[in-house]
Amino acid sequence: MRRKTIGIAAFSLLGLLALNACAGLSATRVAGFPAIQLEATDSVALAFNPADGSLLLAGPGGIARWQGRGWESLPVPGDPAMSAVVVNPDQPAMIYASGPGLGVIRSDDGGASWREVNVGLPGLEITALALHSFRRETLYAWLKGDGIYRTEDGGANWERMPDQGPPDADVRSLIHSNLVGSMNTGWLAAATPSGAYLSMDCF
Amino acid sequence: MIRSIAVDPLNPLRVYAAGPAGVFRSEDAGLTWEAANNGLAGEPLAITLDPITSQTVIVLLSDGSVWKSVDGATTWQALDAGA
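As you go down the protein sequences, you meet chains D and U in turn. Once you know that position 147 of the first sequence is 146 in numbering that gives the first Met the number 0, the rest is easy, because the numbers rise by one and skip nothing. Once you know that position 16 of the second sequence is 15 in numbering that gives the first Met the number 0, the rest is easy, because the numbers rise by one and skip nothing.
Note that these hints are calculated values from the structure, not bench results. A quick note: this is a predicted structure, and the numbers were derived from the prediction, not measured. Every residue, glycine too, gets a C-beta built ideally from N, C-alpha and C. Don't take every hint at face value.
Unchecked claim - Only some residues are given here: those of chain U computed to face chain D with a beta carbon under 10 Å: (1) ILE4; (2) ASP7; (3) ALA45.
Claimed, not checked - Residues from chain U that keep clear of chain D, each with C-beta distances beyond 10 Å, as calculated: (4) PRO8; (5) ALA40; (6) ASP70.
Starting from the given sequences, assemble the full structure and let the hints guide the process.
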């Protein structure tokens with residue numbers, strides 16, 4: 000496993016953290032979507048649906064969809080606090096989302112209904128979720144206090160990856176990249192408070 | 000502090016990062032970065048892009064506003080959230 004810190008990491012330690020300390024904690028409501036109340040320290044995620052140009056937002060108040068006329072709430076089972084959402088670009092009705100205390104959920108009808116897909120996950124504290132850039136049945140999830148899990152069957156089964164993850168275990172988001180040079184099918188990038196990290200997908 | 004990353008699937012050398020200091024763009028897979036905040040007023044919480052038309056980049060700011068760029072984060076415009 001080779002791992003390198005993206006160049007911005009050192010820069011972030013010098014500049015971005017200092018600015019963050021001045022960001023304040025004032026809460027702001029997302030316009031048109033009263034269920035989500037954001038703070039500067041909240042972890043939220045966005046996903047774009049190329050089929051209709053809609054936008055999905057996962058945050059402390061659940062999942063919301065924006066279609067040009069404000070936000071609408073999507074029903075989410077259990078604890079509505081969400082950490083990530085991804086859309087399958089090839090089948091845009093297929094949406095995956097995650098949340099602390101919820102694990103990973105999947106919708107095959109554009110968010111109208113959801114089912115849990117947590118088999119193989121020893122915990123539910125999923126803080127980040129990524130869809131493989133071209134293998135649409137493969138996803139990666141970051142389990143807080145544990146590490147990276149992968150499914151190759153659309154969430155039916157998850158398995159722990161040997162990769163120990165970035166040095167900063169506070170992973171806020173994951174993304175898969177088809178950048179050339181990988182020993183397998185791509186790379187995983189992780190966003191953390193100490194910077195962004197890139198890891199070869201060699202597992 | 001980096002909160003969110005987006006990679007251009009059509010040109011994976013192009014990477015976007017968002018955090019309290021703004022949006023940054025890399026054209027060399029993260030080796031070097033430049034600020035990409037022209038017209039963007041606020042603190043980004045999350046970033047994503049259109050995987051088909053990957054010059055279209057979307058950012059959510061901490062004030063709840065949503066901003067869109069159609070030129071790879073060179074310029075930004077606020078979207079009407081329909082409040």
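Now for the hints, and whether the structure bears them out:
At its closest, the beta carbon of ILE4 of chain U sits 5 Å from a beta carbon of chain D; the interface hint therefore holds under the 10 Å criterion. Restraint check, ASP7 of chain U versus chain D: the minimum CB separation of about 9 Å is within 10 Å; hint holds. Because the smallest distance between the Cβ of ALA45 of chain U and any Cβ of chain D comes to about 4 Å, under 10 Å, the interface hint for this residue holds. At roughly 5 Å from the closest C-beta of chain D, the C-beta of PRO8 of chain U falls inside 10 Å, breaking its exclusion from the interface.
For ALA40 of chain U, the requirement that its beta carbon stay farther than 10 Å from each beta carbon of chain D is met, with the minimum near 14 Å. No Cβ of chain D approaches the Cβ of ASP70 of chain U within 10 Å, the least distance being about 16 Å, so the stated non-interface status holds.
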